[in-house]
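Undergrad: These are the residues of each chain, in order.
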Amino acid sequence: MRTRWLFAGGAGFSEETSEMGLKENLHEETVSRLPIRDAIAVAPDATAREAVTKMRDKQLGCAVIVDDHRTVVGIFTERGVIDALIDGRKLDDVQVGQSKDPEFMTVKETEPISKVWDAVVDRGQRFVCVTSESGKLLGLTGQRGLSEYVSEYYPQQVMVQRLGGKPWMKHREGA
Amino acid sequence: MTKTTSTEEFKDPLKQYVPVQYATRLERSLAEEPITAIQTQPFVEVESGVTVREAIRTLHSLKVSSLLVVDGGKLVGIFTERDVLERVAERFEELADHPVDEVMTENPLVVYETDKAAAGLSAIAVAGYRHVPVLNVEGRPVGIVSPHRVLAFVKDHL
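Those protein sequences? They're chains C and E, same order as listed.
Just so we're aligned: 165 in our numbering is position 165 of the first sequence, and the numbers increase by one with no gaps anywhere.
Just so we're aligned: 109 in our numbering is position 109 of the second sequence, and the numbers increase by one with no gaps anywhere.
Treat the hints with care, as some may be off.
Claimed, not checked - Pairs of lysine-lysine residues, derived as DSSO-like cross-links and limited to a Cα-Cα distance of at most 27 Å, are as follows:
hint : chain 1 : residue 1 : chain 2 : residue 2
1    : E       : K155      : C       : K108
2    : E       : K63       : C       : K100
3    : E       : K155      : C       : K54
4    : C       : K23       : E       : K155
5    : C       : K58       : E       : K155
6    : C       : K115      : C       : K23
7    : C       : K115      : E       : K11
8    : C       : K58       : C       : K90
9    : E       : K63       : C       : K90
10   : E       : K15       : C       : K115
11   : C       : K23       : E       : K63
What the hints assert, rightly or not - To be clear about the criterion: a stretch of chain E counts as covered by chain C if any three or more of its residues have a C-beta under 8 Å from a C-beta of chain C, and this derived list gives those stretches:
hint : stretch
12   : 36-49
13   : 52-60
14   : 88-97
15   : 106-112
For the record, the hints were derived by calculation from the structure and aren't laboratory data.
Even glycine gets a Cβ: it sits at the ideal position worked out from N, Cα and C.
Extracted from the complex, chain C is given alone in its bound form (with noise of 0.2 Å):
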């Protein structure tokens, strides 16, 4: 029987749900298991103003550009804006279809976990489209996604830490 073994650590676990962890459920579980978040759509020939008030409105680093179809043909991230900044284009001049990352992948909701995990973890990506048989943008999901779903396996360890506490003291008090 093939369980998936979402709570792997402590004591109480049977056999039944050792059977598979992590590494196998990131083979067997599909894309559509990983928490996706609504993407921001936009034309290639929007503006960067557009995209960025966008982004800021909705707390997203990145806009996904697509055609009239909803297809991906791209992504327009915060890497984007700086570069347009930098180069001392104004937003209004600058199309998102024009500076768009090069790097961009989507994936099928269908498709395995794993391969959300090689393009995040061995080929750097931030962000990954999430689409439909048909290529149609479904969400993004990425670092932030495959965080969260790696941390579910661990709630004993992760759910119990004392973030943004005081360091052990440097010296020991007392004897």
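Chain E: place on chain C using the hints.
TA: Below, chain E without anything else, positioned relative to chain C:
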């Protein structure tokens, strides 16, 4: 109050102690290895007071997505691509010569080098931060963890 000295009467409270069992190598590493087992360097520091233009130039030329802003070696803020997007991009001409301190994120979430590796994953996956400075006990930056670095650590321990 009498003091028990007989070993027969002494009951060791640790006798029932059961060592922590980890299901996988990765879980053990997250729980027991220090956060510095994750790649935390290189990272880039700029001094408090540099201009927004200089800071963005540094992000661009070094191809990094965050800068740690320090004052006398102590971390006072972080300036990231997200700060550029949210606070600078639409007002760049107006803000370019202002100090980066005006647009950086002050008092960012930090982890300490004495924290465990799981703290890095927690800061990113649970708290939702993308750049998490690593400080030593004196409050000086010694590194930064990012989703890519944490996931590379996970990969190495799968």
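Undergrad: Any hints from earlier that this structure breaks? Give me their numbers in increasing order, please.
TA: Those not satisfied are hints 3, 5, 7, 10, 11, 12.
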